[in-house]
Amino acid sequence: MGDNDFKIVTEYGRERKVNFNQLLVYLFSEGMNNSLEVSDNIRRYDADFDMSIHEINDLLNQLVEEQFLKFEPRKKELHKHYSYNPVKILNYARSVSAAKKTNEFISLGKLELAVTHKCPFNCTYCSKKEYNPSEQLSLEEKKKVIYEAYELGAQTIALTGGEPLHDEVAEETFELIGYASDLGYKRKVLLTSGYHIDKYFQSIVNSHLDEVQVSYNMSCKFYEDRVRNQYIEKNIKQISGLMDYGIRLGICSVLTNESIGFIDEIIKFCLENKLYSVYFYPVMPVGDAKNIWNEIKLDVSDLKNALALIKERREELKQRLYISAPQSFLQDEKPLQICEGGMYMLYVTESGDTAACACSAASGFNVRDYSLSWIWKESRYFDGYRIVKSVNSLCQNCDDYSLCINSCVCRENLAARNFKFSSGKCALITENLKINEIGSVME
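Under my numbering, residues 591 to 1033 are what the sequence shown spells out, in order.
Worth flagging that the hints you see were computed from the coordinates, not collected in a lab. Treat the hints with care, since some could be wrong.
Said to hold, decoys possible - Below 30 angstroms or equal to it, Euclidean Cα-Cα: the simulated BS3-like pairs (lysine-lysine) are: (1) K824 x K733; (2) K708 x K597; (3) K894 x K908; (4) K789 x K597; (5) K811 x K880; (6) K660 x K607; (7) K708 x K607; (8) K660 x K901; (9) K967 x K733; (10) K908 x K858; (11) K776 x K901; (12) K880 x K908; (13) K776 x K811; (14) K708 x K901.
To be verified - Simulated restraints, written as ranges between beta carbons of each label pair: (15) E761 x N863: 27 to 33 angstroms; (16) K660 x R976: 32 to 38 angstroms; (17) R958 x Y869: 30 to 36 angstroms.
It should be emphasised that the depicted structure is a prediction, and the values quoted were computed from it without experimental measurement. C-beta atoms are modelled at their ideal positions from N, C-alpha and C, and glycine is treated no differently.
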């Protein structure tokens, strides 16, 4: 391999060309700023690695200075996240290089797999509402997806739905968790409404799950949301018993224009029940939510205040509760220029359709027709999500843009079609912008 064959791209659009040895340092540093430790870590994988300790140290300093890496004093982590498996990524890169004489590859960090579209609840903002799937993947087909994602470097798997604990699929869900654990996934997550945790409590405990995230946001404007939230409140004591067995338990809280006023109350609920984490997600115009968008959409000024509160509580409670939100809503400097979907994660529906995330339009490539490796590596759809996103001319001078729904490729498309947050200054409409195939604005 020649000089500068590879390119590192961050979520803020920073780019740096590197050679293979430099790429190894970046992938295997794993937060270590000790050059000798980094060298030992790499040589366990590649005995031919030939950078000196001095060269490694210089490169680490450069990567820190250019904000590609960040080193902090080692401390006990409340919430350990795993991004990708560097050995799997590089083995994949080498196989691709040998077959196609190219050194390009994209690392997969997280697979989100929908087990079913069925759910006993009918939440207003669910992406699955009005969804009519074609023939669902078999158990073996789902296992194949999990295996291929792991071979692409994924360290995290999240099983979702619908409701993955629905009676029709619960046993399959547990078998898939066990399969992912046997393969070597480091983080196995169940995304659930909380339904039937009591019924399947022992199966969950025995399943090798690392984490359960339950939907809860205190909304009561709509009957469907009120029923789900009351179910959680009624059963939280039994649900929280999972933590006695070492399973991290957290809340996924969708922020609507109603629930955004309950942030402190939701955090208090988590603290009172000694939960592990809470994730705040802004409501998105997906599924049936499009039909009630004007009733649930967020106001930019409310969102600014809410994010300031979330950041304040995150720092204040960092030793007691892990508090987070999507990168595009907790950025410290500027909006993301690359979507996590396509750069880090992949979403697969229960019928095998693929997308960058649950909020994105489908790619048009089904895992029955194409290998997951080809979809992830070769498809034009995911290439589109990996383009460093330029701010369009209407948004670049807007004070609200850093907090705007338009700050990712997928949401910009929706905003241009008038599914946007409330802001008196927004002029982004379809009539004065062209939208490409995946939803990115073209000047």
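Cross-check of the supplied hints:
1. K824 x K733: This hinted pair is violated, its Cα atoms lying about 35 angstroms apart.
2. K708 x K597: violated (42 angstroms)
3. K894 x K908: holds (21 angstroms)
4. K789 x K597: Violated: K789 and K597 sit about 49 angstroms apart, past 30 angstroms.
5. K811 x K880: holds (16 angstroms)
6. K660 x K607: holds (18 angstroms)
7. K708 x K607: Given pair K708, K607 is violated - Cα atoms ~46 angstroms apart, limit 30 angstroms.
8. K660 x K901: holds (19 angstroms)
9. K967 x K733: holds (20 angstroms)
10. K908 x K858: holds (14 angstroms)
11. K776 x K901: holds (28 angstroms)
12. K880 x K908: violated (35 angstroms)
13. K776 x K811: Not OK: K776 and K811 at ~39 angstroms, beyond 30 angstroms, violated.
14. K708 x K901: Given pair K708, K901 is violated - Cα atoms ~35 angstroms apart, limit 30 angstroms.
15. E761 x N863: 27 to 33 angstroms: Given about 28 angstroms between the Cβ atoms, the range holds.
16. K660 x R976: 32 to 38 angstroms: Violated: the Cβ-Cβ distance is about 22 angstroms, outside 32 to 38 angstroms.
17. R958 x Y869: 30 to 36 angstroms: holds (32 angstroms)
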